[in-house]
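S.K.: Residues per chain, in single letters:
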Amino acid sequence: MTPVPFVMQLLNALAAMLLLLSFAMLAQRRVVTLVDLFALQGAVLCAATLLLAWRTGETNLYISAALTLALKVIVLPRLLHRLIRRLGVYWDTDPLLNIPGTMLVGLMIVVFAFGLAQPISALASTATRSAVGIAVAVILLAFLTMITRRKAMSQVVGFLSMENGLFFGAMSATYGMPMVVELGVALDVLVAMLVLGVFFFQIREQFDSLDLEELEARKEER
Amino acid sequence: MDFLFVIGTPLAGALALIWLGAHRVAPVANVLFSLVTFAAACVLSVHVIAVGNLTFLHEQFFIDPLNVFLVALTALVGLTTSLFSRPYMRIEAEHRRVTPARLRLYHSMYQLFIATMLVALTTNNMGLMWVAMEAATLSTVLLVTLYQTPASLEAGWKYFILCGVGIAQALFGTILLYIAAEKVLGSQGVSALLWTHLDAVRHQLEPRVLSIAFVFLLVGYGTKAGLVPLHSWLPDAHAEGPTPISAVLSGLLLNVAIYAVVRCKVLVEGSLRSAWPSEMLMGFGLLSVVFASFCIWRQRDIKRLFAYSSIEHMGIIAFAFGMGGPVANFAALLHMTVHSLTKSAIFFAAGHAAQKSGSQSIDKIRGLVTISPTVGWGLMLGSLAILGLPPFGVFASEFLILTTAMRDHPWATPILLLAFGVAFAGIFARVQPMVFGDTTAKRLPHSPALIPVFVHLGIVLMLGLFIPPYLAHWYRAAARLIGGG
Numbered sequence: 043m044t045p046v047p048f049v050m051q052l053l054n055a056l057a058a059m060l061l062l063l064s065f066a067m068l069a070q071r072r073v074v075t076l077v078d079l080f081a082l083q084g085a086v087l088c089a090a091t092l093l094l095a096w097r098t099g100e101t102n103l104y105i106s107a108a109l110t111l112a113l114k115v116i117v118l119p120r121l122l123h124r125l126i127r128r129l130g131v132y133w134d135t136d137p138l139l140n141i142p143g144t145m146l147v148g149l150m151i152v153v154f155a156f157g158l159a160q161p162i163s164a165l166a167s168t169a170t171r172s173a174v175g176i177a178v179a180v181i182l183l184a185f186l187t188m189i190t191r192r193k194a195m196s197q198v199v200g201f202l203s204m205e206n207g208l209f210f211g212a213m214s215a216t217y218g219m220p221m222v223v224e225l226g227v228a229l230d231v232l233v234a235m236l237v238l239g240v241f242f243f244q245i246r247e248q249f250d251s252l253d254l255e256e257l258e259a260r261k262e263e264r
Numbered sequence: 012m013d014f015l016f017v018i019g020t021p022l023a024g025a026l027a028l029i030w031l032g033a034h035r036v037a038p039v040a041n042v043l044f045s046l047v048t049f050a051a052a053c054v055l056s057v058h059v060i061a062v063g064n065l066t067f068l069h070e071q072f073f074i075d076p077l078n079v080f081l082v083a084l085t086a087l088v089g090l091t092t093s094l095f096s097r098p099y100m101r102i103e104a105e106h107r108r109v110t111p112a113r114l115r116l117y118h119s120m121y122q123l124f125i126a127t128m129l130v131a132l133t134t135n136n137m138g139l140m141w142v143a144m145e146a147a148t149l150s151t152v153l154l155v156t157l158y159q160t161p162a163s164l165e166a167g168w169k170y171f172i173l174c175g176v177g178i179a180q181a182l183f184g185t186i187l188l189y190i191a192a193e194k195v196l197g198s199q200g201v202s203a204l205l206w207t208h209l210d211a212v213r214h215q216l217e218p219r220v221l222s223i224a225f226v227f228l229l230v231g232y233g234t235k236a237g238l239v240p241l242h243s244w245l246p247d248a249h250a251e252g253p254t255p256i257s258a259v260l261s262g263l264l265l266n267v268a269i270y271a272v273v274r275c276k277v278l279v280e281g282s283l284r285s286a287w288p289s290e291m292l293m294g295f296g297l298l299s300v301v302f303a304s305f306c307i308w309r310q311r312d313i314k315r316l317f318a319y320s321s322i323e324h325m326g327i328i329a330f331a332f333g334m335g336g337p338v339a340n341f342a343a344l345l346h347m348t349v350h351s352l353t354k355s356a357i358f359f360a361a362g363h364a365a366q367k368s369g370s371q372s373i374d375k376i377r378g379l380v381t382i383s384p385t386v387g388w389g390l391m392l393g394s395l396a397i398l399g400l401p402p403f404g405v406f407a408s409e410f411l412i413l414t415t416a417m418r419d420h421p422w423a424t425p426i427l428l429l430a431f432g433v434a435f436a437g438i439f440a441r442v443q444p445m446v447f448g449d450t451t452a453k454r455l456p457h458s459p460a461l462i463p464v465f466v467h468l469g470i471v472l473m474l475g476l477f478i479p480p481y482l483a484h485w486y487r488a489a490a491r492l493i494g495g496g
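Just so you know, the sequences run in chain order A and B. Read the first sequence against my numbering and you will find it ends at 264, with the numbers running on by one and no gaps. Read the second sequence against my numbering and you will find it ends at 496, with the numbers running on by one and no gaps.
Hints in this document: simulated from the structure, not taken from any laboratory. Since the model is a prediction, treat every value here as computed from it, not as a measurement. Cβ atoms here follow ideal geometry from the backbone N, Cα and C, with glycine treated the same way. Please note that the accuracy of each hint is not assured.
Pair ranges (Cβ atoms, derived) [to be verified]:
| no. | chain 1 | residue 1 | chain 2 | residue 2 | range |
| --- | --- | --- | --- | --- | --- |
| 1 | A | Ile-189 | B | Arg-309 | 22 to 32 Å |
| 2 | B | Arg-107 | A | Leu-121 | 46 to 56 Å |
| 3 | B | Ile-29 | A | Phe-243 | 14 to 24 Å |
| 4 | B | Pro-401 | A | Leu-158 | 46 to 56 Å |
| 5 | B | Arg-97 | A | Phe-243 | 27 to 37 Å |
| 6 | B | Ala-112 | A | Leu-121 | 17 to 27 Å |
| 7 | A | Val-240 | B | Ser-370 | 23 to 33 Å |
| 8 | B | Leu-68 | A | Gly-130 | 30 to 40 Å |
| 9 | B | Pro-479 | A | Val-240 | 15 to 25 Å |
| 10 | A | Arg-124 | B | Thr-451 | 47 to 57 Å |
| 11 | B | Ala-112 | A | Val-147 | 23 to 33 Å |
| 12 | B | Trp-422 | A | Pro-47 | 51 to 61 Å |
Here are a few chain A residues that face chain B, going by a calculated C-beta distance under 8 Å [stated by the list, open to error]:
| no. | residue |
| --- | --- |
| 13 | Asp-78 |
| 14 | Ala-194 |
| 15 | Gly-211 |
| 16 | Ala-212 |
| 17 | Thr-216 |
| 18 | Ala-234 |
| 19 | Met-235 |
| 20 | Val-240 |
Take the sequences, apply the hints, and build the full model.
M.R.: Below, the structure is given as structure tokens:
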């Protein structure tokens, strides 16, 4: 067996950290910590992108890393923290499934993700192809986070974490999407957050909370 | 040049209308920008008829038979809806349902939405198509919540989160497509997401990756097209937003989402050389048709009623594209056209009907023919057209779809017929009392301007009796391009 170069080992370690952070987000009920975990995940993603950029010498990846840093480590977490303070939502209510149960489902999802990623990583020509499985797992775990939460805020963080998984997948399998697409996606994510900000205040004015159960309760009256 | 006008006009319009705000010329400016867009789209179509396929801006955008008629259709419905929205939104403002600040948002987002639709249709880059589809959601979320009622906020949240998650799946599908394409087209990254390049090498793309990609793409864009079981955002978003937005969501957004699915299907089927993407499309389509036609019976809100009818028709279109082959594809394209025109006409009429009665509840809308004959007859004729009564165009396309189904997939025919019957009875039983029922309300002193309704229904009627040769030629060329069957 040929020894894995040190840079690759480091990359794999970062990929594993991404996965761990996804599990941490799955278990976290404090919304503030959830946002911090999301920022940390962004930072790990940024580090992985930088490392890969340095190894392959692709300029696109440097830009992509800068985008990740600006958007997912600095701007979005700040926006979210500000929203949390202004709206006063600090805790999520009990998730739909208790936390150990969610973790077990999460484990099964990871196994499934690696199975699904098999043909993809077999095709990918990049050195980081083993990470594709982790990317798929991060996407699906973020999806699970969204399903099991009731507060709108936690669902949004889950949604953003899903975007992290998507970026990591694109990066590890193909060294990033074409620049124009990446810029477009980043713009969309930013606009989505601004729209959400407006939206949260509208919901809050009407319902005095961001609990989605109130929306559900309203529906049954109809 | 004409192409830049098609994309640029609505973008410029969005900016100009932010600046104009709630000024009283804003609605007129909205109409003017839509008119210029439509004129540019017409010039572009004529240009394409003359010289054939075109590409623009380093092949990032292209026009072929499949998207050119959709561009023209989008621009046309954009224009007529802006015409309809002028008196409609004025009445809404008079009733104090919208503030001037919200009207500014409304007009500028309306133009932005049209621009995103046109970009999604004309882009050659599968990644940009995704970006445009997401932008289309974002530009309409705040329009769905324009009235700030609890129900509209719920609808907006559902729309945002469901379409957001759905579209994230489509992004993953796009990434997978890129992975497979990079293998064949090289990692320069410039051409590997361009549809024309992908189409040229589709037989060499790795089938297993593409089949996974297709599942994600179908789920993603299928959510936007409102295919069951991913449809639950659609009736809420249609019912709670202002009516012009219901008309463009139903008439344009759903079409563009189906268009995205079809583009993906062409690539995947070429790579797989097997029919399962078609079968999946047929399955989703049939499920949507049956589910929506039964849901129609439970509706008490006029706009929700027709929203479910949209789901049903998207199901019919998906089913027809799933069957594939020249006839079914032709029928599906025709159905996209006539559904889009008829459904927006119905929403125009339904919007006025709800405004006159002060409620969207079907039980409270009665005797439209007495109150206002144009609204009443518009709603009645539109409903008959959408239910597939001859001689309207919907009859022609549904007839073609049914006969193809009888030939190729006989098992599906009774299911389709049953669903059509259920939907017919459901919608007719609700529309009839709304139009002809007894009412105590007095006749309106002035009749509303419903020219767009009758223009749309006129075109649909014409398409049922006679399809102009150049249009038939486009449809046939597009049907060949989609292939399958």
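S.K.: Is it true that B/Ile-29 and A/Phe-243 lie within 14 to 24 Å of each other by Cβ?
M.R.: Holds, since B/Ile-29 and A/Phe-243 (Cβ atoms, about 20 Å apart) stay within the stated range.
S.K.: Hint says 22 to 32 Å; check whether the CB-CB distance for A/Ile-189 and B/Arg-309 agrees.
M.R.: holds (26 Å)
S.K.: Given a hinted range of 15 to 25 Å, is it respected by the beta-carbon distance of B/Pro-479 and A/Val-240?
M.R.: Hint violated: Cβ distance 45 Å, outside 15 to 25 Å.
S.K.: Could one say that the CB atoms of A/Arg-124 and B/Thr-451 fall in the range 47 to 57 Å?
M.R.: Between A/Arg-124 and B/Thr-451, where Cβ atoms are some 54 Å apart, the hint holds.
S.K.: Against the range 30 to 40 Å, how does the distance between the Cβ atoms of B/Leu-68 and A/Gly-130 compare: consistent or not?
M.R.: violated (47 Å)
S.K.: Restraint: A/Thr-216 near chain B, CB-CB cut 8 Å. Satisfied or not?
M.R.: Since chain B brings a Cβ to about 5 Å from A/Thr-216, closer than 8 Å, the hint holds.
S.K.: Okay, B/Trp-422 versus A/Pro-47 on CB: inside 51 to 61 Å?
M.R.: holds (57 Å)
S.K.: Could you say whether the range 23 to 33 Å given as a hint is met by the Cβ separation of A/Val-240 and B/Ser-370?
M.R.: holds (28 Å)
S.K.: Interface hint check: A/Ala-194, Cβ to nearest Cβ on chain B, cutoff 8 Å. Holds or violated?
M.R.: holds (7 Å)
S.K.: Given A/Asp-78 as an interface hint, is its Cβ closer than 8 Å to any Cβ of chain B?
M.R.: violated (22 Å)
S.K.: Hint check: is the beta carbon of A/Ala-234 less than 8 Å from a beta carbon of chain B?
M.R.: holds (6 Å)
S.K.: Can the hint on A/Ala-212 be confirmed by a CB-to-CB distance to chain B that is less than 8 Å?
M.R.: holds (5 Å)
Consistency with the previously given hints fails for numbers 2, 8, 9, 11, 13 and 19, ordered from lowest to highest.
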